[in-house]
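J.: Sequence lines, in order, name chains C and Y.
Take the first sequence: its letter number 141 is residue 141 in our numbering, and every next letter is one higher.
Take the second sequence: its letter number 145 is residue 145 in our numbering, and every next letter is one higher.
Any given hint could be a false lead.
Same chains, same names: a pair is fine if it fits in one copy or spans any two.
[As the list claims (entries may be wrong)] Here are the computed lysine-lysine pairs in the DSS-like style, where the Cα-Cα straight-line distance is at most 30 angstroms: (1) Lys31 to Lys145; (2) Lys147 to Lys34; (3) Lys150 to Lys31; (4) Lys34 to Lys145; (5) Lys147 to Lys95; (6) Lys147 to Lys64; (7) Lys12 to Lys119; (8) Lys34 to Lys150; (9) Lys16 to Lys119; (10) Lys119 to Lys15.
Simulated from the structure, these hints should not be mistaken for lab results.
Protein chains: 2
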Amino acid sequence: MDHVYFMKEALKEAKKAAEKDEVPVGVVIVKDGKIIARAHNIIIGKKDPCGHAEVLAIRKAAAKTGSERLYGTILYATIEPCPMCGGAILLSRIKTLVYGADDLKTGACGSVHRVINDKRNNHQVEVIKGVLKDECGNLLSGFFKEKRRKNA
Amino acid sequence: MDHVYFMKEALKEAKKAAEKDEVPVGVVIVKDGKIIARAHNIIIGKKDPCGHAEVLAIRKAAAKTGSERLYGTILYATIEPCPMCGGAILLSRIKTLVYGADDLKTGACGSVHRVINDKRNNHQVEVIKGVLKDECGNLLSGFFKEKRRKNA
Chain C
1 MDHVYFMKEA LKEAKKAAEK DEVPVGVVIV KDGKIIARAH NIIIGKKDPC
51 GHAEVLAIRK AAAKTGSERL YGTILYATIE PCPMCGGAIL LSRIKTLVYG
101 ADDLKTGACG SVHRVINDKR NNHQVEVIKG VLKDECGNLL SGFFKEKRRK
151 NA
Chain Y
1 MDHVYFMKEA LKEAKKAAEK DEVPVGVVIV KDGKIIARAH NIIIGKKDPC
51 GHAEVLAIRK AAAKTGSERL YGTILYATIE PCPMCGGAIL LSRIKTLVYG
101 ADDLKTGACG SVHRVINDKR NNHQVEVIKG VLKDECGNLL SGFFKEKRRK
151 NA
């Protein structure tokens, strides 16, 4: 699998979020080498606190495949998922999570919470981190820096 | 606030889930003493791994109030929320979580994970547990017992 290729696709999604003034996080879900769902954060635009890229992509992939279990899939996220998204990844039985930058504020893969990488879970997710981490992290930190500048 | 009254309403929702052969968990969200959203698990029926009662009710309440932040609300859940739902409760800024029975398998309020009751979170949720816990817990355990009997 070409993790860099798919992370670039997730980054394209993240940039779409930024264009809408949403927190720039993007996700693609891949099965058998093909993207079956893609999404970016849409929280403010749709007034949906659950509108994180991971949850939106998981719901799309489940609708597309006709199953609430996404066996054998890889989820690419530009940023370490939060507890909500980590829980959704477990519930949907995603096989592998590949993410870019750590989220030191709400990351649920060890940075803050240990939701995803907890050996007590009844489903274990393979985790690969750090793919295009600088590009993924800079997109997010640049977004917030610009926000602060505008609000200063 | 009459926690027992609203938990009975959440139980009505849980029973609707059971009638659809979905895991019987029910939720109501209350603001200013009125129910603004109600939901029960619909995972298999809609092929949605994120179709837990809490997430569905939060999304409904946000759509209804026109805000992704549910300030000043109380969420009543028959069972201790899982990490996904715990994360959604934090993200939506719910003020108080009232739940019935502990979930010793995936509970995110201390039974397994500590997502909701983590002092590092940037939003602190007041938690009241044990309201109608036997009725809430028995509905769930009875459902799984019946499932096992049918599959035996």
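J.: Now tell me, hint by hint, if it's right for this structure.
T.: Hints and how they fare:
1. In this assembly of identical chains, the alpha carbons of lysine 31 and lysine 145 never lie at most 30 angstroms apart, being 35 angstroms within a copy and 35 angstroms across copies at closest.
2. Within a single copy, lysine 147 and lysine 34 get their C-alpha atoms no closer than 35 angstroms, and across copies no closer than 36 angstroms, so neither meets the 30 angstroms cut-off.
3. Neither within a single protomer nor between protomers do lysine 150 and lysine 31 lie at most 30 angstroms apart by alpha-carbon distance, with minima of 40 angstroms and 34 angstroms respectively.
4. In this assembly of identical chains, lysine 34 and lysine 145 lie within 30 angstroms of each other by CA distance neither inside one copy nor across copies; the values are 34 angstroms within and 40 angstroms between.
5. In this homomeric assembly, lysine 147 and lysine 95 come within 30 angstroms of each other (Cα to Cα) only across copies, at 27 angstroms, whereas the closest approach inside a single copy is 35 angstroms.
6. Within a single copy, lysine 147 and lysine 64 get their C-alpha atoms only as close as 35 angstroms, which misses the 30 angstroms cut-off; across copies the closest is 28 angstroms, which meets it.
7. For the homomeric pair lysine 12 and lysine 119, neither the shortest alpha-carbon distance inside one copy (33 angstroms) nor that between copies (35 angstroms) is at most 30 angstroms.
8. For the identical chains of this complex, lysine 34 and lysine 150 are neighbours neither inside a copy (39 angstroms) nor across copies (38 angstroms), given an alpha-carbon limit of 30 angstroms.
9. Proximity of lysine 16 and lysine 119 under a CA criterion of 30 angstroms is satisfied in neither setting, with 35 angstroms inside one chain copy and 33 angstroms between copies.
10. In this homomeric assembly, lysine 119 and lysine 15 never come within 30 angstroms of each other (Cα to Cα): the closest approach is 34 angstroms inside a single copy and 32 angstroms across copies.
Hints 1, 2, 3, 4, 7, 8, 9 and 10 from the list above are not met by this structure, while the remaining hints are.
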